[in-house]
Amino acid sequence: MSQYAVPAQALPPNQFDTRTPLQQVWYWSPDQWEQFTYEWVRMRAVEEGYLGAEIIGGGNDRGADVVAFFSDQKLNGEWHCYQCKHYSEELALTDALPEMIKPFAAAVETTRTLPTRYTFVAPRIHPRLKDLVLTPDELKARFLAHLDRRQVAVKLSAETLERVKQLASATDFSMFWTVNLDDVLEVYSKSPLFASRFNLPPSGRPARPSVPPEPSKDEARFLEQLVDVYQERFGAHIASVDAAFSHSDTGGHLRRQREAFYAAETLRMRTRDSVPGDAYAELQSDVLDNLVEVAERTFDSGWERLHEVIQASGQLQVVGSVIASHFKNLERKGMCHQFANDNKLMWCPGDNR
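According to the numbering used here, the sequence shown is numbered sequentially starting from 147.
In case anyone wonders, no lab produced these hints; they're calculated from the structure. Hints should not be assumed to be uniformly reliable.
[As the list claims (entries may be wrong)] Calculated lysine to any residue pairs in the SDA-like style (CA-CA distance at most 20 Å, straight line):
(1) K248 / I202
(2) K301 / K336
(3) K248 / W186
(4) K336 / W186
These numbers were taken from a predicted model, which means no experiment stands behind them.
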């Protein structure tokens with residue numbers, strides 16, 4: 147299935163929308179609403195048991211904007227239909243009845259099966275339509291009566307109309323559903339896309355990262371720099387990361403630095419997935435501008451330089467960053483090691499590896 151898409155925001159990157167998600171959806175286009183519904187359906191795929199989902203939309207969708215299916219048979223097997231309606235007014239029964247004809251007509255005119263669930267997804271739904279959906283027998287009676295209206299007969303051939311009536315008469319109308327927008331937003335709020343979709347700041351602090359027991363190649367350079375610091379301070383016998391882990395003077399320190407590095411990486415990835423623009427890179431740029439001035443001072447040892455830079459990172463006043471509230475001491479220390487990992491900060495003079 148295709149990747150999630152996030153609608154273009156009217157606000158500049160990293161300036162948050164003060165409206166609630168409930169308020170924002172009124173200003174979306176029908177295409178944005180359809181995409182949002184598709185993302186919501188995908189988020190529920192495991193819970194519902196869907197094999198896949200697709201956006202059909204367009205003028206020939208036959209009343210199926212978003213579909214979710216359970217098997218390789220797709221729309222020739224069991225499937226669910228999501229009809230997306232984004233109107234300025236409440237979705238009313240008069241809007242719904244013509245749409246309800248479409249899956250029946252598709253079932254008699256094509257190889258599509260009738261969906262086992264048909265859900266209207268709209269920002270607001272008229273209470274009368276909700277009430278009828280909650281009473282399937284009454285909804286069925288209203289639908290069959292609607293089929294006898296002249297405007298319906300004009301749009302369908304006599305043969306198709308008769309077959310639609312027969313199929314509808316034999317169908318359990320509990321297949322029709324509506325969904326509350328609050329329920330949709332509740333599901334969506336648990337997704338990492340929530341902040342991006344609604345241009346909101348990320349909430350909550352990321353959980354402490356799980357630090358892999360064995361160092362990876364992605365952290366090799368900052369670990370090399372730490373080994374250089376340890377060798378300079380404690381002796382040449384600390385010639386490797388393994389030796390540093392096992393040494394009584396450096397093992398605990400090294401483990402704490404790795405924990406900080408992974409905390410910063412966690413914040414970087416969480417920001418990438420939940421905040422528009424590149425807020426983490428912007429923060430890194432501002433922080434590095436300050437820390438490089440500290441790192442380029444004259445120090446007696448790499449150990450002293452390392453600790454002065456880390457101390458300076460903890461004292462920085464971070465203003466204007468959308469993730470400032472998440473940039474705690476552990477993440478600040480970890481960002482120092484991200485810089486070392488990219489050779490933007492060097493702890494030991496003359497270390498040019």
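Status of the hints after comparison with the structure:
1. Of the supplied pair hints, the one linking K248 and I202 holds, its CA atoms being roughly 14 Å apart against a limit of 20 Å.
2. Annotation: proposed proximity of K301 to K336 is violated, straight-line Cα distance about 43 Å (limit 20 Å).
3. Between K248 and W186 the alpha-carbon distance is near 23 Å, which puts this suggested pair outside the 20 Å criterion.
4. This hinted pair checks out: K336 and W186 have alpha carbons roughly 11 Å apart, not beyond 20 Å.
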